[in-house]
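K.L.:
Below, each chain spelled out in residue letters.
Number of protein chains: 2
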Amino acid sequence: MQDETPFFAERLQAAALALESLLSGLLGPAAQADEIARPAHLLEAMRHGVLNGGKRLRPFLVAESTALLDGSADAALRIGAALECVHCYSLVHDDLPAMDDDDLRRGQPTVHIAFDEATAILAGDSLLTFAFDIVAAPETPLSDRQKTALVLALARASGHGGMAGGQALDLAAEKTAPDEAGIVTLQAMKTGALIRFACEAGAIIADANPEDSRRLRAFGEKIGLAFQLADDLLDLTADAEAMGKATGKDAARGKGTLVALHGQAWAERELERLVAEAEELLAPYGTRSAVLVETARFIANRRS
Amino acid sequence: MQDETPFFAERLQAAALALESLLSGLLGPAAQADEIARPAHLLEAMRHGVLNGGKRLRPFLVAESTALLDGSADAALRIGAALECVHCYSLVHDDLPAMDDDDLRRGQPTVHIAFDEATAILAGDSLLTFAFDIVAAPETPLSDRQKTALVLALARASGHGGMAGGQALDLAAEKTAPDEAGIVTLQAMKTGALIRFACEAGAIIADANPEDSRRLRAFGEKIGLAFQLADDLLDLTADAEAMGKATGKDAARGKGTLVALHGQAWAERELERLVAEAEELLAPYGTRSAVLVETARFIANRRS
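Those sequence lines, one after another, are chains L and E.
Residue numbering for the first sequence follows the working numbering, starting at 1 and increasing by one per position.
Residue numbering for the second sequence follows the working numbering, starting at 1 and increasing by one per position.
A hint or two may mislead.
What the hints assert, rightly or not - Using 20 Å as the maximum straight-line C-alpha spacing, the simulated EDC-like pairs for lysine to aspartate or glutamate come out as follows:
| hint | chain 1 | residue 1 | chain 2 | residue 2 |
| --- | --- | --- | --- | --- |
| 1 | L | K175 | L | D101 |
| 2 | E | K175 | L | D94 |
| 3 | L | K175 | L | E294 |
| 4 | L | K175 | E | D94 |
| 5 | E | K55 | E | E294 |
| 6 | L | K55 | L | E20 |
| 7 | E | K175 | L | E44 |
| 8 | E | K175 | L | E139 |
| 9 | E | K55 | E | E20 |
| 10 | E | K55 | E | D231 |
| 11 | L | K55 | L | E294 |
| 12 | E | K55 | E | E174 |
| 13 | L | K55 | L | D231 |
| 14 | E | K55 | E | D94 |
| 15 | L | K55 | L | E10 |
| 16 | L | K175 | E | D116 |
| 17 | L | K175 | E | D231 |
| 18 | E | K175 | E | D100 |
The set of hints was computed from the structure by calculation and includes no laboratory data.
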């Protein structure tokens, strides 16, 4: 595996800027120029939660999956914004004292620190709700059939059978360590579901045939697994550094991960295998899939 | 104004039973008979939050608004279930320690008491998400155009320009008392938006013409105002009883209400006026609107 090319880094950054610009507009003063009073304090908290300088990897996957099949870039940007609202609402709620109790995210105070707990709960709720507003809004240049399919897929990726369900399993895992199958299920739901949705969304936006849809979903599943494995490896490295030792079993975290079960060498081989399989899935598209393939590598190799 | 007829009470109760039955099925073991693992603990918390023996007034309004215009009763029941999920998610989150900090609701422990805070946050998030799942699901017998319109209207009634925004204004009102216009805005958002949506939903489900849609929306606005005024009167009575005195200015609650500003006699006259205006709006439908008119009276006269 190799580091990303300058071209890829620029493309990822350009997509992140376009997304920030859209979200800032949707949650900005101009969006309030109607008869509805949107409390300024709540809007500020929503902006704090979502305009956080993230890499915007999920919206990038929506954009590139859509581009692979010649779908509308404008629609992909809006669906990416909706997806990022869901991702960021989950971060705002996960950071709450009753959940992970984190005071900092990307070096900035978390929403309940910068505002207060009640405002953070409401800002998260509002970001989640706004995601569906964005999908269904007239400004999203898709058919009602596509919008309905996207609402359903996003709700299922986010809800009790997806991300929120995975988060509940994660809380339970702090008390009773899950077995390997349990870890796989937890991770597929908690982080995998939104990443898979990102790729599936491209197929829906581009009105893909069943074969293309199946390939993009399968690609999303592979890179969702890779994302989590890379995350676990990063945690291990961070722990090792923090503990001043070069190896570790991750037992200190009190939660099982596949890396903790099988070791770092296994995880690195598994990552290579997942990226190769993801690449293989997109082979029928030839060089058109180059950016998505590079995204898979980026996900596996990322160091933050 | 008169008490509701036995016929009305039976109809309201039958609708509540049908709704509980649908929601119980949607969140029951049968709904899990697929490949997706839905954490049992989270599902139980969602059921605790939503299967709470409420009057189900909002779903009833969806059903009766739909019936007025000969729309699909099956669709109305499912949209009512989605709306109730949104209403109940807001109760679960409002009861949290960081918000209203309530231990009991309808005589039962609130979700964060019966489970824990983290589970209550996730159960609320999941109920909100599930609402959009229900609207968009293939089982909802509506066109994609209708589903898209309902998703958008529900998201706007619930989000930062609707219910959640009203809740944020309500929190702010505990620090700085709003003026009369501020109170009206707060209430229109916090409680009015979902009630208006309930009536608007009937028009969307029945594919109503613009004139019928306008009437149902206006009707929803009137009874939303009446609902809040009746609530404020109930609070006053409850406070008076708790404080052992028969009159009161509601100043003890630390929040302004229109009843506190203008007094009980004014509020009772205003309620009568709102019900009369609501009735007038539906006059073109003759006796077909009898149940909705009785619902308006029920909302104004309710004692719990």
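K.L.:
Holds or violated: are the alpha carbons of K55/E and E174/E at most 20 Å from each other?
P.N.:
Status violated; Cα separation ~28 Å.
K.L.:
Under the criterion that the straight-line Cα-Cα distance not exceed 20 Å, is the pair K175/L, E294/L satisfied?
P.N.:
Since the Cα atoms of K175/L and E294/L sit roughly 38 Å apart, the hinted pair is violated (cutoff 20 Å).
K.L.:
Need the status of pair K175/E, E139/L: alpha-carbon distance at most 20 Å?
P.N.:
37 Å, violated
K.L.:
For the pair we were handed, K175/L and D116/E, check the Cα-Cα distance against 20 Å.
P.N.:
14 Å, holds
K.L.:
Hey, K55/L versus D231/L, does the alpha-carbon distance stay inside 20 Å?
P.N.:
OK: K55/L and D231/L at ~15 Å, within 20 Å.
K.L.:
For a C-alpha distance cap of 20 Å, please report whether K175/L and D94/E respect it.
P.N.:
27 Å, violated
K.L.:
For the pair we were handed, K55/L and E10/L, check the Cα-Cα distance against 20 Å.
P.N.:
It holds: about 12 Å lies between the C-alpha atoms, which stays within 20 Å.
K.L.:
For K55/E and D231/E, compute the direct alpha-carbon distance and say whether it is at most 20 Å.
P.N.:
Within the cut-off at roughly 15 Å; holds.
K.L.:
Between K55/E and E294/E, does the CA-CA distance stay at or below 20 Å?
P.N.:
Given pair K55/E, E294/E holds - Cα atoms ~15 Å apart, limit 20 Å.
K.L.:
Between K175/L and D101/L, does the CA-CA distance stay at or below 20 Å?
P.N.:
17 Å, holds
K.L.:
Taking 20 Å as the top limit, are the C-alpha atoms of K55/L and E294/L close enough?
P.N.:
Holds: K55/L and E294/L sit about 15 Å apart, inside 20 Å.
K.L.:
Are the Cα atoms of K175/L and D231/E separated by 20 Å or less?
P.N.:
Not OK: K175/L and D231/E at ~42 Å, beyond 20 Å, violated.
When each numbered hint is compared with the structure, violations occur for hints 2, 3, 4, 8, 12, 17.
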